[in-house]
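Colleague: Each chain, letter by letter, is given below.
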Amino acid sequence: MPLHELHPDTWIDKYADYLFNFAITRVSDAEIAKDLVQETFFAGLKSAKNYKGDAAERTWLIAILKRKVIDHYRKINSKKGKAEVRMSYTNTSEDEGDWLEERVADRSNLGGDETIENQELGMAIQDCISKLPKKQSLVFTMKTIQGMSTEDICNELGINPSNLWVMIHRARTALMGCMNQNWF
Amino acid sequence: MMISCEKAAGICNKKQYKEASWWQVAQLKLHIFYCKTCNQFSTKNTVFTSLCDKANLHVISKEEKETMKKEFEKQL
Numbered sequence: 001m002p003l004h005e006l007h008p009d010t011w012i013d014k015y016a017d018y019l020f021n022f023a024i025t026r027v028s029d030a031e032i033a034k035d036l037v038q039e040t041f042f043a044g045l046k047s048a049k050n051y052k053g054d055a056a057e058r059t060w061l062i063a064i065l066k067r068k069v070i071d072h073y074r075k076i077n078s079k080k081g082k083a084e085v086r087m088s089y090t091n092t093s094e095d096e097g098d099w100l101e102e103r104v105a106d107r108s109n110l111g112g113d114e115t116i117e118n119q120e121l122g123m124a125i126q127d128c129i130s131k132l133p134k135k136q137s138l139v140f141t142m143k144t145i146q147g148m149s150t151e152d153i154c155n156e157l158g159i160n161p162s163n164l165w166v167m168i169h170r171a172r173t174a175l176m177g178c179m180n181q182n183w184f
Numbered sequence: 185m186m187i188s189c190e191k192a193a194g195i196c197n198k199k200q201y202k203e204a205s206w207w208q209v210a211q212l213k214l215h216i217f218y219c220k221t222c223n224q225f226s227t228k229n230t231v232f233t234s235l236c237d238k239a240n241l242h243v244i245s246k247e248e249k250e251t252m253k254k255e256f257e258k259q260l
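If you're matching them up, the sequences are chains A and B in order.
Going by the working numbering, the residue at position 97 of the first sequence is 97; the numbering climbs one at a time, nothing skipped.
With positions in the second sequence counted from 1, the corresponding number in the working numbering is that position plus 184.
Just so you know, these hints were derived from the structure itself, not from any lab.
What you are looking at is a predicted structure, and each value in this text was computed from that prediction instead of being measured.
C-beta atoms are modelled at their ideal positions from N, C-alpha and C, and glycine is treated no differently.
Warning: the hint list may mix true and false statements.
To be verified - A short list of chain A residues far from chain B (calculated; beta carbon distances all over 12 Å):
| # | residue |
| --- | --- |
| 1 | 50 |
| 2 | 54 |
| 3 | 71 |
| 4 | 78 |
| 5 | 160 |
| 6 | 168 |
Said to hold, decoys possible - Part of the chain B face toward chain A, derived, beta carbon under 7 Å:
| # | residue |
| --- | --- |
| 7 | 236 |
| 8 | 238 |
| 9 | 242 |
| 10 | 253 |
To be verified - Below, simulated PhoX-like cross-link-like pairs (lysine-lysine); rule was C-alpha separation at most 20 Å, straight line:
| # | chain 1 | residue 1 | chain 2 | residue 2 |
| --- | --- | --- | --- | --- |
| 11 | A | 46 | A | 66 |
| 12 | B | 249 | A | 134 |
| 13 | A | 135 | B | 198 |
| 14 | A | 135 | B | 249 |
Generate coordinates for the entire structure from the input sequences, incorporating the hints supplied.
Modeller: The following block contains the structure:
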């Protein structure tokens with residue numbers, strides 16, 4: 001009996017934003033990142049029969065996404081011409097000869113300490129958001145990440161401002177609790 | 185001028201999104217001056233806001249997710 005099972009019908013709601021944040025910090029382009037996430041879901045579906053259930057669903061999808069990021073860099077490299085291949089994904093001489101795979105996996109190669117910390121922070125917050133009840137996470141995301149006005153959110157969701165602030169309060173309290181151990 | 189902890193928390197949340205009036209902020213400041221619990225909550229809430237800013241989070245918009253879902257359902 002495998003430990004985990006796949007539920008592809010819930011993937012987009014559950015993991016799209018998490019995967020999107022992972023991708024966007026590595027390709028720095030929202031459109032490309034979105035495409036990579038979409039491709040990841042397709043690839044996941046295709047190879048679902050190979051899923052052994054050892055890793056959690058999300059971990060498994062992240063592993064696929066990593067390959068997609070690598071493929072993306074390979075593709076743009078082959079377009080650029082061979083002379084540029086080595087330089088295009090690394091610009092310091094000490095990294096020369098490193099495998100492309102290592103560069104994707106290894107956070108220490110992504111940039112300055114602060115950048116890495118912010119990326120980890122982003123994933124940690126996203127992780128906590130995904131644990132919120134659906135409505136709370138929706139309201140929190142619209143308000144905090146998309147920066148929508150209270151009025152717009154209320155209109156879109158058909159709630160009144162005091163409902164909204166109650167949900168914001170619950171979401172923020174839960175998120176602070178979830179983030180507490182590591183980030184405060 | 186005196187407000188309840190519940191009201192203070194509400195103002196504190198609005199303040200995180202710059203939606204509290206100066207009068208509300210003044211009430212909150214007075215409240216957290218003598219209420220230790222709300223003082224802690226307010227500090228933590230403000231730190232959390234700065235963490236969210238620092239993390240530079242992104243989301244896929246609702247419409248784009250719908251498009252994604254439609255594409256995905258074709259494969260299911």
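Colleague: State for each hint whether it applies.
Modeller: The hints, checked one at a time:
1. Residue 50 of chain A, annotated as away from the interface, keeps every beta carbon of chain B farther than 12 Å; the closest lies near 16 Å.
2. Distance to chain B confirms residue 54 of chain A as a non-interface residue, since its nearest Cβ pair spans about 24 Å, more than 12 Å.
3. With a cut of 12 Å on Cβ distances, residue 71 of chain A stays outside the contact zone with chain B, its closest approach being about 19 Å.
4. In this structure residue 78 of chain A is separated from chain B by more than 12 Å, as the shortest Cβ-Cβ distance comes to about 26 Å.
5. For residue 160 of chain A, the non-interface assignment is confirmed: its Cβ lies about 14 Å from the closest Cβ of chain B, beyond the 12 Å cut-off.
6. Chain B draws residue 168 of chain A into its interface by the beta-carbon criterion, the shortest separation being 6 Å against a cut-off of 12 Å.
7. About 6 Å separates the beta-carbon of residue 236 of chain B from the nearest beta-carbon of chain A, less than 7 Å, and the hint is met.
8. Residue-level restraint check for residue 238 of chain B holds (minimum Cβ-Cβ distance to chain A is 6 Å; threshold 7 Å).
9. For the restraint placing residue 242 of chain B at the interface with chain A, the shortest Cβ-Cβ distance is roughly 5 Å, inside the 7 Å limit, so the hint holds.
10. Because the beta carbon of residue 253 of chain B sits about 5 Å from the nearest beta carbon in chain A, less than 7 Å, this interface hint is met.
11. With a CA separation close to 16 Å, the supplied pair residue 46 of chain A and residue 66 of chain A stays within the 20 Å bound.
12. Between the alpha carbons of residue 249 of chain B and residue 134 of chain A the distance comes to roughly 15 Å, so the proposed pair stays at or under 20 Å and holds.
13. Distance restraint check for residue 135 of chain A and residue 198 of chain B: the Cα-Cα separation of roughly 19 Å lies within the 20 Å cut-off, and the hinted pair is therefore satisfied.
14. Distance hint between residue 135 of chain A and residue 249 of chain B is fulfilled; the C-alpha atoms sit about 16 Å from each other, no more than 20 Å.
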